[in-house]
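*Asks:* Just so you know, the sequences run in chain order A and B.
Per this note's numbering: the first sequence = residues 1 to 113.
Per this note's numbering: the second sequence = residues 114 to 227.
By construction, these hints were calculated from the structure, which means they are not laboratory data.
There could be a bad hint or two in this list.
Derived pair list, reagent style DSS-like, types lysine-lysine, alpha-carbon separation capped at 25 Å [unchecked claim]: (1) B/K184 x B/K168; (2) B/K184 x A/K100; (3) A/K58 x A/K100; (4) A/K69 x A/K49; (5) B/K116 x A/K100; (6) B/K168 x B/K183; (7) B/K131 x B/K170; (8) B/K166 x B/K183; (9) B/K116 x B/K184; (10) A/K100 x A/K112; (11) A/K100 x B/K168; (12) A/K100 x B/K170; (13) A/K100 x B/K183; (14) B/K170 x B/K184; (15) A/K100 x B/K166; (16) B/K170 x B/K183; (17) B/K116 x B/K183; (18) B/K131 x A/K49; (19) B/K168 x B/K131; (20) B/K170 x A/K58; (21) B/K166 x B/K184; (22) A/K112 x A/K68; (23) A/K112 x A/K69; (24) B/K116 x B/K166.
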Amino acid sequence: AQSVTQLGSHVSVSEGALVLLRCNYSSSVPPYLFWYVQYPNQGLQLLLKYTTGATLVKGINGFEAEFKKSETSFHLTKPSAHMSDAAEYFCAVINTGGFKTIFGAGTRLFVKA
Amino acid sequence: DVKVTQSSRYLVKRTGEKVFLECVQDMDHENMFWYRQDPGLGLRLIYFSYDVKMKEKGDIPEGYSVSREKKERFSLILESASTNQTSMYLCASRGTGVQSGEQFFGPGTRLTVL
Chain A
1 AQSVTQLGSH
11 VSVSEGALVL
21 LRCNYSSSVP
31 PYLFWYVQYP
41 NQGLQLLLKY
51 TTGATLVKGI
61 NGFEAEFKKS
71 ETSFHLTKPS
81 AHMSDAAEYF
91 CAVINTGGFK
101 TIFGAGTRLF
111 VKA
Chain B
114 DVKVTQSSRY
124 LVKRTGEKVF
134 LECVQDMDHE
144 NMFWYRQDPG
154 LGLRLIYFSY
164 DVKMKEKGDI
174 PEGYSVSREK
184 KERFSLILES
194 ASTNQTSMYL
204 CASRGTGVQS
214 GEQFFGPGTR
224 LTVL
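Just chain B, with the same shape it has in the complex:
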């Protein structure tokens, strides 16, 4: 059974803290993604990575950074958390190939910044 796991389901942090969200996939996928999900806005892409140590900005990268040191792991970092980063964060992975459009999602991390 393929799986994408995220380190925390719920997280509460204070303004200014550095926050790490971890994502691990066991499907040997090259591509990994971080989204944030907010009501009425759907999913917005923060960053993605198509290979180890490679990363590309998505649509809303400000205030975030990422790290991909190993193929199976993709981390999202909030350098200095702010209240407007309170959201649901979803990690996804995807294989490479013409038929590999499907993304596999983790269960999400609901982050609250106080």
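Next up, chain A with everything else stripped away, as it sits in the complex:
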């Protein structure tokens, strides 16, 4: 069965510092991987996705993530945090040819001034 594990339900960084949100997945077939962001009182929106091809994918707002098959990881990074990045982030996986998307429990990012 597929699963997604996000390490750390809360992450706090200072403005300008590196953001690193961790995601590990399990899947028996090549996965499609996603990061979604949820701002307060809003639905989720896509930040970036990996389907095939280049393993380093770039998303909106300066975020990027690298698919590492050997580590079954898809960690999200941003070189310099901004106050507007404060939100909840969800990692998700869907197997190719599959239907259901499996979401991680989410990581809430706090950005300190």
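Please build the complex by placing chain B on the supplied structure of chain A, with the hints as guidance.
*Replies:* Quick look at chain B alone, frame taken from chain A:
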């Protein structure tokens, strides 16, 4: 601009009431989903639909039903609301195709059952 809309942002209902949550998408997507979101649990799939009048149970269907009479509309029904159904409900839609993994979400309905 693609859009998924939900009928209410906030809803307060009493135990035992029948509750309808409506979701409409304008992207001509075949697939639609209902999730509930609770702190520390992420998103849990309640029901999904891959075509008009077709529906499949998700991971937590108990106490819920759905209706999809038109392609653009997917309704979630709480037959007899209970306090443990107090939650954020998110609707999403998705197209069909090998690259269509992305889901588009509505803004959510925060339901409180008293």
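*Asks:* Hint by hint, note whether the structure agrees.
*Replies:* Outcome of the hint check:
| no. | hint | result |
| --- | --- | --- |
| 1 | B/K184 x B/K168 | holds, 12 Å |
| 2 | B/K184 x A/K100 | holds, 19 Å |
| 3 | A/K58 x A/K100 | holds, 24 Å |
| 4 | A/K69 x A/K49 | holds, 15 Å |
| 5 | B/K116 x A/K100 | holds, 21 Å |
| 6 | B/K168 x B/K183 | holds, 12 Å |
| 7 | B/K131 x B/K170 | holds, 20 Å |
| 8 | B/K166 x B/K183 | holds, 8 Å |
| 9 | B/K116 x B/K184 | holds, 14 Å |
| 10 | A/K100 x A/K112 | violated, 36 Å |
| 11 | A/K100 x B/K168 | holds, 13 Å |
| 12 | A/K100 x B/K170 | holds, 11 Å |
| 13 | A/K100 x B/K183 | holds, 21 Å |
| 14 | B/K170 x B/K184 | holds, 18 Å |
| 15 | A/K100 x B/K166 | holds, 19 Å |
| 16 | B/K170 x B/K183 | holds, 19 Å |
| 17 | B/K116 x B/K183 | holds, 16 Å |
| 18 | B/K131 x A/K49 | violated, 38 Å |
| 19 | B/K168 x B/K131 | holds, 20 Å |
| 20 | B/K170 x A/K58 | violated, 34 Å |
| 21 | B/K166 x B/K184 | holds, 9 Å |
| 22 | A/K112 x A/K68 | violated, 30 Å |
| 23 | A/K112 x A/K69 | violated, 33 Å |
| 24 | B/K116 x B/K166 | holds, 22 Å |
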